[in-house]
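Residue numbers (our numbering), protein chains in the order written: chain B, 28 to 350; chain H, 10 to 317.
Read the hints as simulated data drawn from the structure, not as lab findings. Heads up, none of these hints are tricks.
Calculated Cβ distances over 12 Å to all of chain B for the following chain H residues:
id : residue
1  : R63
2  : Y74
3  : W179
35 Å max Cα-Cα, derived DSBU-like pairs, lysine-lysine:
id : chain 1 : residue 1 : chain 2 : residue 2
4  : H       : K80       : H       : K57
5  : H       : K80       : H       : K68
6  : H       : K133      : B       : K103
7  : B       : K103      : H       : K211
8  : B       : K149      : B       : K109
9  : B       : K34       : H       : K211
10 : B       : K55       : B       : K34
11 : H       : K211      : H       : K133
12 : B       : K34       : H       : K133
13 : B       : K55       : B       : K109
14 : B       : K149      : H       : K211
15 : B       : K55       : H       : K211
16 : H       : K273      : H       : K57
17 : H       : K133      : B       : K109
The beta carbon of each residue, even a glycine, is placed where N, CA and C say it ideally should be.
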Amino acid sequence: MTLLDVKDLSIDIHGIRPLDGISFSVDKGEILGIVGESGSGKSLTALSVMGLLPLIGGRIERGSISFDGTELTTLKEPAFRKLRGRRIAFITQNPMTSLDPVIRVGAQIDQVARLHLGLDAKAAQARSIEIMEQLRIPEAATIYHHFPHQLSGGMKQRIVIAMALAADPDLIIADEPTTALDVTIQAQIVDLLVELVRERGLALILITHDMGVVAQTCDRVVVLYAGRVAESHDVTAIFASPRHPYTKALIRCIPREDTLPGSLTGIPGAVPSVAHYPPGCRYHPRCARMGVPCEKVVPPLEHPTSGGEIACHFPESNGGANV
Amino acid sequence: MLSYIIRRLLLLIPVFFTVSIIIFGIIHLVPGDPIDNLMRIGSSPEQKAIITARYGLDKPLVEQYLLWLGKMAQGDLGDAIVMRRPVVDLLAQNIPFSLRLGGAALLFSTLLGIAAGTLAAINKDGRIDQGVMAGILVGSTLPSFWLGLLLMLLFSVQLGWLPVSGARTWQALILPVLTIGLGGTALVARATRVAMLETMQKDFVLLLHAKGLPARRIQLRHVLRHALMPVVTILGLRIGWILGGAVTVEYVFARPGLGTLLIKALNQHDYPVMQGCLLMLAIAVMLGTLIGDLVQAAMDPRVRHAMT
Numbered sequence: 028m029t030l031l032d033v034k035d036l037s038i039d040i041h042g043i044r045p046l047d048g049i050s051f052s053v054d055k056g057e058i059l060g061i062v063g064e065s066g067s068g069k070s071l072t073a074l075s076v077m078g079l080l081p082l083i084g085g086r087i088e089r090g091s092i093s094f095d096g097t098e099l100t101t102l103k104e105p106a107f108r109k110l111r112g113r114r115i116a117f118i119t120q121n122p123m124t125s126l127d128p129v130i131r132v133g134a135q136i137d138q139v140a141r142l143h144l145g146l147d148a149k150a151a152q153a154r155s156i157e158i159m160e161q162l163r164i165p166e167a168a169t170i171y172h173h174f175p176h177q178l179s180g181g182m183k184q185r186i187v188i189a190m191a192l193a194a195d196p197d198l199i200i201a202d203e204p205t206t207a208l209d210v211t212i213q214a215q216i217v218d219l220l221v222e223l224v225r226e227r228g229l230a231l232i233l234i235t236h237d238m239g240v241v242a243q244t245c246d247r248v249v250v251l252y253a254g255r256v257a258e259s260h261d262v263t264a265i266f267a268s269p270r271h272p273y274t275k276a277l278i279r280c281i282p283r284e285d286t287l288p289g290s291l292t293g294i295p296g297a298v299p300s301v302a303h304y305p306p307g308c309r310y311h312p313r314c315a316r317m318g319v320p321c322e323k324v325v326p327p328l329e330h331p332t333s334g335g336e337i338a339c340h341f342p343e344s345n346g347g348a349n350v
Numbered sequence: 010m011l012s013y014i015i016r017r018l019l020l021l022i023p024v025f026f027t028v029s030i031i032i033f034g035i036i037h038l039v040p041g042d043p044i045d046n047l048m049r050i051g052s053s054p055e056q057k058a059i060i061t062a063r064y065g066l067d068k069p070l071v072e073q074y075l076l077w078l079g080k081m082a083q084g085d086l087g088d089a090i091v092m093r094r095p096v097v098d099l100l101a102q103n104i105p106f107s108l109r110l111g112g113a114a115l116l117f118s119t120l121l122g123i124a125a126g127t128l129a130a131i132n133k134d135g136r137i138d139q140g141v142m143a144g145i146l147v148g149s150t151l152p153s154f155w156l157g158l159l160l161m162l163l164f165s166v167q168l169g170w171l172p173v174s175g176a177r178t179w180q181a182l183i184l185p186v187l188t189i190g191l192g193g194t195a196l197v198a199r200a201t202r203v204a205m206l207e208t209m210q211k212d213f214v215l216l217l218h219a220k221g222l223p224a225r226r227i228q229l230r231h232v233l234r235h236a237l238m239p240v241v242t243i244l245g246l247r248i249g250w251i252l253g254g255a256v257t258v259e260y261v262f263a264r265p266g267l268g269t270l271l272i273k274a275l276n277q278h279d280y281p282v283m284q285g286c287l288l289m290l291a292i293a294v295m296l297g298t299l300i301g302d303l304v305q306a307a308m309d310p311r312v313r314h315a316m317t
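Extracted from the complex, chain H is given alone in its bound form (with noise of 0.2 Å):
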């Protein structure tokens, strides 16, 4: 297990390479310039060239771009020029709410929908089955910020029970998790569901039945637990996604976040911002599948195997 955990952890370093470039490349691909907003209205060109220089970015762009990786590895990612403050100062202040957001969801959608998704395998045709279909084809096709606002008008102004938005309290939490949330449940029953009907019919299950086990322990301690392996995948990926996918649920419910910040950083095109924010999203789906695979291998014996 171990070498397969360095393994793992090997192959992340050429990824951050090529992500870290692809960050820096895309950025400069926006059309605008972050000095504009800067700028007095009717200031010369000298004036805008020495602001330029000011934050290197008169430089060649291969320069920038180690300077930003040397700056990196100390642990600066620059400052951000318009809102004027270091970039790791911004995002320290951000990514909690983001990660306090994605993983209330992540938990959120994980337990249910397994729960939904087993429920429904096992129950195959009858009426729970149909009752969580339906339910996922809604969760699953309803989009983000529509729901969110739906959410909003029922609880929070019909109602009157959550706040509308911010992030001062636990209650705040409630609604945009469940508006992220729901996406996920939908996917992690749905793939718990066409896995656990698709380990059903497997052999060993067979001989498991003739072994004279009771129908319940089969599904619950042998089926579940292979059905789950391809869910894991999923809740892998999905961990890089709830961060970043967060982007518009944080702009209804005005969260504030790593969404949040990336979207205000795309519009007053503050680079080192945008940097920051994009290797964030760029790690934690690394991170995500990372983890995914090592939680897939403690599962099952053959991925540790083949990969020593």
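Isolated chain B, as found in the complex (with noise of 0.2 Å):
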């Protein structure tokens, strides 16, 4: 069943318009990823859909928003903020700067389930150290006293994970939850969320720029590139026969076994900035399949018999990432 679903989302911020008519939907119980370079428009979706472009000087131009039969462009700013939190939580991407660095991280976990379900301190106290031991913080009730600065990113990175938790969502956007953190702790990290999420059948919006991470842990995947959706697909599927050519070089980008040293792979070239987006396909200066229409002719996005959708005038037709 569709828990969230995005059609056409086009946003403005000061005149530019870095997200153009991207569409996705999530369903209950599944991990969607969202892949991208920075600059992509993964973290504006995400403010997107919790409602909080206001804060940067954004808003949402065009398009649509439906969460759980619930039209979210529209949704007044009380009724959103009992979403907020409630219903749709956030994970973001540096758990060293997400925590208040003068209260107690019990207390900030607490905040949301008073806010939210009305416990008092008491109660909260105790829901808050509970969903800790879920998460496997060890001496739960010490940490539960502990203020930020005292604990390490992996551990700052739960309690980030318990607030999101704290007033039981249907849905969790977690914008690079792994990236500021350690390299053995990132596998942790993505473990643990994927567990609640099939435990409790939540679903997840997982943002990454990792294609191997989304390899490991999603169900379906959306690529974005330059704020369009240049394809997306069941995770095997793509990842069996990705068929725009920057999914194919994401692909290619993540290391494996016998990769040689020294020769990792990139992608020539960078991410357009939103101010000078080019004609036609954005990812034509970088592609190595450009023909004469992707120079003038946005790709619009279609939906092929095979499933999923993609935006490419020469789609890979066999596919084969090992190529």
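Starting from the two chains in their separate frames, assemble the complex, guided by the hints.
So, in structure tokens, the structure goes:
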């Protein structure tokens, strides 16, 4: 059952349009990966769904965001506040800066349950400690009284996750939840998130730039490039036969066991800045398969019979990630 | 917290000695001689030597300094040469006036400054913000002695609502407080506004919004709390400044006080009184900084833990 349905979403920030007609949906119990390089619009997608665009001076220009039957683009702020943290929770990129440094971590978790579930201080504390224990925070009752600066990065991210879980949400949006962490902790946190989602039947939107993480955890994936959807499909299908040249390039960037030292692959060039999007297909300056229409004509998002969505004039037909 | 306080207090000891040496040294660089003020015209050099010796001014400077320090330890700051009274008495007479004025001005600029800065920050770029910013510009650029005269002309001379000068009634405090407080208000308002706007950009504020907390509550409970930390530091520094900086304002309004006493002592080259006044101001600055640091430590666990 579709929980979140985003259709043709465009946003405007100070006269520029960093998101241009993106669509995707998430079902209950599903993990959707949103992938792309920095500047592709991943975090803005998250802010749009959270209704927090006004904080950065942005607004939704066009399109719809429907959450469990409620249209969010026209929802008034007081009603939106009841969803935020309660039914849609957010996990931010950098746990080092995501917690209020002068408030004990326990109180920061309590805040959510007290606000949304109407628990009193004592009940909220018991609940917070219970969630912390579920997240395998050792000596949760002690850590509860710590300040953020007394905890490690991985532990802080667990606190942020505990805040997200505190009011039993239906959807969690995790914006690069492991990027700022040590490599050894990254896998732990991702595994923990996946486990939670599976156990509780939550929907999770996992925003990442790491195709490797997507392959391990997601059910479906949306590839964003420069504010547009390049391709979306089931994870198995997309890794077996990526059709968009950008998707293929991203997959090639995943280091593998047989990658020779010093031979890490990258994609030449960089994501264009939002003020200088090229006409036509925005990927064409970096694309190996670039042809005549790519420079002028925007490729429409098509729904091929093989499933998924793709916006490319010259999609790969046979696929094959190993080419 | 206790060990933090003790550490901060111990740090004050070397600062105090350094400051006392500087005060003592600087005063003896001022040209002129207090004894000349005491002499009748046409007195002989012998008479002058006798009087100089009576005040111990013929001894080497190091010895004079140590004597001063030794007496200070017993609560004796010497006798005023020209005013002919114990310096401690003069200070005790004047300091309460300075404290009343400085305290009221500090309270006034703290409350009004924080309120104005907060209002400006949560209405960024709106009418209120523009108004506050204009007020800040005016408040921080008007010289206080001139502002004092203008206020006096308007409220005392034209309208006759408030006394022109003196310090007998509480009404006499209003104009001097406004005069000194306006600059401080502008300072505090600007610091509060900037710090709030900066804090609003932080990740943790975004996450507070994502938790579903109402914007006002985020601004007033979380953002303002963070914004007040730099403001507290400024206020701590301001405590000393406001006691010494009131000099011209005390003069304009003909109020007794530390500033007035200091000017008088300067004109008469009255070394012990000057030393006493400067020492009090230095102590006020030291205590102000200390209070600022302690309040900061109470507000921010990171500061407390960094010191232990």
